[in-house]
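Please put together the full structure from these sequences, using the hints given.
One-letter residues, chain by chain:
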Amino acid sequence: MNHTLVLDVKGLKKSFGKFEALKDVNLTLHPGEVLGFIGPNGAGKSTTIRVILGLIKSSGGSAKVFGKDAWKESVTIHKDLAYVPGDVYLWPNLTGGQTIDLLLHMSGQTHTGRTDDLIKEFKLDTSKKNRTYSKGNRQKVALIAAFSTDVSLYVFDEPTSGLDPLNELIFQQKVKQLKESGKSVLLSSHILSEVEKMCDTIAIIREGKVIETGSLESMQHLTRNSVAVTTSEPLVKLQNMPGVYQLDFKNDQKTTAEFSVDSDQIGNVMAALSANKILQLKTTPPTLEDLFLRYYHSDNDQKVGE
Amino acid sequence: MAQYTQTFALLKANFKRDWIKLTVWLLVLAGLFVAVAAKFEGIYGNQQQLNTIAQTLRSPAMKALFGPLTHASISTAIIFATEMAVFWAIFMVIFNYSLAVGGSRAQEESGLTEMVLGGHPVGRLAPLSAAALELLIADGIFAVITGIGMTFANMPGSDSNGNWLFAVSLAAVGWTFGMISLIFSQLVADSHNVSIYNYVFFGLTYLVRMMTDVSNPDNTWWSPFGWIEKTDIYIKNNWLPVALFLILGIVAFGIAVALNVNRDIDAGIIQVRGGKRQSRFLQGPATLLFWNQRSISLFWIIGMAVLGASYGSVFNSIGKLVNDSPVIKEVLGSNGVQALEKNQVLSFVGILGIIFTVLAVIGGAMVINHLYTEERRGYLQLVNTTPHSRYYLLTTYVLYGVILAVVILYATLMTTMVVGNSTLAHSLSIRYYNRMFVAMLPVLILFMSTLVCFIGIMPKLRSIVWILLGGSFVISYFGRLMDLPNWAMKISPFYWFDKVPIHEINAEPVWWLLTIALVLMVIGFVGYRHRDLAQ
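Chains A and B, in that order, give the protein sequences.
Numbering of the first sequence is given in our numbering, commencing with residue 1 and proceeding in unit increments.
Numbering of the second sequence is given in our numbering, commencing with residue 1 and proceeding in unit increments.
Quick caveat, the hints were computed from the structure, so don't treat them as lab data.
Watch out, some of these pointers could steer you wrong.
Pairs of lysine to aspartate or glutamate residues, derived as DMTMM-like cross-links and limited to a Cα-Cα distance of at most 20 Å, are as follows [what the hints assert, rightly or not]:
{"id": "1", "chain 1": "A", "residue 1": "K129", "chain 2": "B", "residue 2": "D532"}
{"id": "2", "chain 1": "A", "residue 1": "K129", "chain 2": "B", "residue 2": "D190"}
{"id": "3", "chain 1": "A", "residue 1": "K72", "chain 2": "B", "residue 2": "D532"}
{"id": "4", "chain 1": "B", "residue 1": "K12", "chain 2": "B", "residue 2": "E114"}
{"id": "5", "chain 1": "A", "residue 1": "K129", "chain 2": "B", "residue 2": "D266"}
{"id": "6", "chain 1": "B", "residue 1": "K276", "chain 2": "A", "residue 2": "E233"}
{"id": "7", "chain 1": "A", "residue 1": "K135", "chain 2": "B", "residue 2": "D532"}
{"id": "8", "chain 1": "A", "residue 1": "K179", "chain 2": "A", "residue 2": "E121"}
{"id": "9", "chain 1": "A", "residue 1": "K250", "chain 2": "A", "residue 2": "E233"}
{"id": "10", "chain 1": "A", "residue 1": "K128", "chain 2": "B", "residue 2": "D190"}
{"id": "11", "chain 1": "A", "residue 1": "K135", "chain 2": "B", "residue 2": "D18"}
In this text, all values refer to a predicted model and were calculated from it rather than measured experimentally.
Put into structure tokens, the structure is as follows:
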């Protein structure tokens with residue numbers, strides 16, 4: 001079983017009437033991995049997750065969880081899965097504590113010491129009725145239930161959108177613990193620093209298509225580093241070097257410059273810089289945010305780096 | 001006055017949102033009313049027809065259902081007024097309730113009010129005032145259409161003062177109950193509970209009206225709903241009740257305003273208490289449904305049992321022959337009189353069976369409807385991702401709903417029997433009530449299956465079930481008085497058992513009603529398994 005992919009989504013399509021919400025979604029999640037799923041509002045993150053959970057039926061392609069069809073075998077799949085939606089809505093007449101127990105029982109789990117620890121850590125007053133909870137507190141209820149559930153796959157759909165930074169940190173620790181105990185996690189988010197910190201693999205979705213998948217390093221490798229440099233001799237030849245973009249001289253002598261450079265050209269550029277006698281050099285790999293913005297600002301038919 | 005800023009802008013927005021609902025309701029309410037009036041002379045035109053119906057209406061059973069016919073001399077118009085006043089007032093109340101809840105608490109619940117009040121220069125009382133004005137205008141339009149329509153219908157015995165009084169008093173009863181609903185909107189924090197308060201209040205006023213009409217009509221003044229009868233349309237044309245309605249409505253609005261300024265947004269005056277931190281009881285969808293529905297289910301059963309008891313309490317007067325002259329007694333003999341009286345009570349039980357079934361279906365269907373409400377509100381996304389199949393989920397709700405409806409129906413019939421028998425000299429055997437109960441089961445299940453079918457394949461159109469139920473009820477309850485053609489009577493499933501409990505149940509319609517129900521149920525289940533769940 002260990003060799004089966006936890007999640008295997010291929011060429012997934014979903015239309016609502018004439019509107020194509022998903023055009024081509026491909027995702028793979030290996031056991032023990034944390035997969036970050038990022039994209040702006042309306043790109044299709046939640047729709048994809050809802051197909052994976054068997055709540056809606058795909059219009060094409062395939063979605064398999066634990067090697068089983070997400071739509072047909074949803075009940076079997078759900079035995080080994082926990083889910084926290086982005087907008088948590090709870091039965092107004094139940095208290096938070098009752099809701100947590102209900103959710104645990106429904107997944108065949110029980111209220112354990114771990115549950116009590118989680119309630120303490122997230123600082124949730126479980127005696128209050130759900131109707132009096134804020135969005136963040138409702139998310140805590142769902143998170144506590146999910147984290148005290150012992151299953152192989154955890155699906156989080158923008159789970160921290162209502163949490164304060166302290167609780168967000170607890171969330172990150174808990175995901176780390178899940179990973180350490182060999183669980184698989186699908187985390188959809190648009191808080192990029194969160195994804196950057198926690199995820200092994202990242203998939204970027206845009207207008208219903210997954211346009212990039214891979215580790216953060218491999219994605220950084222695909223794109224440009226930004227360089228800030230000061231040399232003793234003017235850097236004029238940088239202007240015509242292949243692979244150098246957005247060159248900006250910071251002084252009249254043209255000895256201080258900022259630019260970005262393609263990863264595969266970095267050797268040549270460095271050689272050129274050294275020839276000018278480097279006084280100061282700082283290179284930064286692109287953050288996920290840079291990557292993200294770059295993917296999103298490029299036009300549909302333009303590839304990254306053009 | 002600053003707190004009323006932008007009331008008219010909100011009013012415009014309300015009309016934009018509600019115009020389809022308003023148009024449909026007003027067309028049906030005013031249109032049907034005028035259409036019946038126009039046709040009425042054809043039904044009750046000559047003196048002989050008038051005498052027959054007057055005699056029927058003077059019986060206590062009819063008094064309980066429609067209110068008393070007080071005047072000695074009768075005309076087509078007076079009969080029309082007696083038959084229609086209470087009946088149409090019920091619809092006006094339902095219409096205004098639905099508008100009032102939609103315009104007040106439901107909007108607040110959806111977060112719209114918070115956005116409007118918090119981020120825009122809108123007065124705190126503007127949403128409430130806009131809702132009140134919306135109702136006023138809607139009822140005003142009803143009164144104008146109806147008043148003009150009645151003038152054209154020109155029934156024998158009608159006069160223009162009476163026509164306008166009728167139109168305005170119906171509008172007034174609706175508006176006043178709408179204003180009272182605005183008070184309840186301030187008391188509790190969710191629209192579902194507001195509706196419960198609304199209908200409990202309406203039920204109480206209706207019961208008081210019914211019991212006082214049968215015992216002593218002077219006491220009917222105690223029920224605001226009873227005021228509608230006190231207009232004495234086409235007889236004395238008394239405008240006092242209209243004035244009372246307006247005063248009560250304005251006072252109610254004033255109370256709602258006073259409560260509104262003293263509460264926080266999204267909160268109710270009645271505070272929500274905390275509760276237990278843990279639950280061993282809640283194990284899955286079934287226990288959850290029971291937990292969420294238990295109070296309202298109990299409320300239905302008790303409320304309906306009280307309704308049954310109050311109908312039962314008038315049985316002795318219903319049994320009395322309207323024409324109990326010594327000559328008739330002599331001709332029939334004491335056994336003959338007793339048999340006639342018994343039949344009279346039994347046919348009343350037949351009508352009650354229909355009323356109770358309609359209400360039981362509403363009680364049960366609301367549970368099944370809740371499955372879709374919870375789906376739309378997003379509660380079910382956490383249930384649907386646990387190892388419970390959709391079939392299991394739907395089965396849970398359907399079983400609960402059907403069982404609740406059946407229990408409501410039987411409990412109501414039983415309290416009717418117990419209280420009824422205590423008032424009768426010769427008690428009615430339980431066999432008649434059981435027969436009534438069994439006859440109504442296929443009808444009950446048919447309506448439930450129709451709802452399941454809609455929830456499975458077209459949940460957005462599920463409200464059609466209420467139209468079907470209401471239509472069937474109107475046809476069966478009102479059709480004979482309206483002299484509807486036979487084919488139209490057959491549309492209502494109740495028609496097929498209209499001889500029960502006096503006669504045995506006809507087995508044939510039982511089978512085909514159940515077959516249709518089964519087919520609808522299967523379509524609903526398969527559809528529910530295969531459709532996308534709403535977000």
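How the hints compare with the structure:
A distance of roughly 30 Å separates the Cα atoms of A:K129 and B:D532; the hinted pair therefore is violated under the 20 Å criterion. With a CA separation close to 13 Å, the supplied pair A:K129 and B:D190 stays within the 20 Å bound. Restraint check for A:K72 and B:D532: satisfied, since their Cα atoms lie roughly 13 Å apart, inside the 20 Å limit. Taking the CA atoms of B:K12 and B:E114, the gap is about 18 Å. The hint holds against a cut of 20 Å.
For the proposed pair A:K129 and B:D266, the alpha carbon gap of about 14 Å is at most 20 Å, so the pair holds. With a CA separation close to 75 Å, the supplied pair B:K276 and A:E233 exceeds the 20 Å bound. About 25 Å separates the Cα atoms of A:K135 and B:D532, which puts this hinted pair outside 20 Å; it is violated. At roughly 19 Å between alpha-carbon atoms, A:K179 and A:E121 fall within 20 Å of each other, so this suggested pair holds.
With a C-alpha separation of about 14 Å, the suggested pairing of A:K250 with A:E233 holds against the 20 Å cut-off. Of the pairs offered as hints, the one joining A:K128 and B:D190 holds, with about 17 Å between alpha carbons and a cut-off of 20 Å not exceeded. For the hint pairing A:K135 with B:D18, the CA-to-CA distance comes to about 29 Å; that exceeds 20 Å, so the pair is violated.
Taken one by one, the earlier hints fail for this structure at numbers 1, 6, 7, 11, listed in ascending order.
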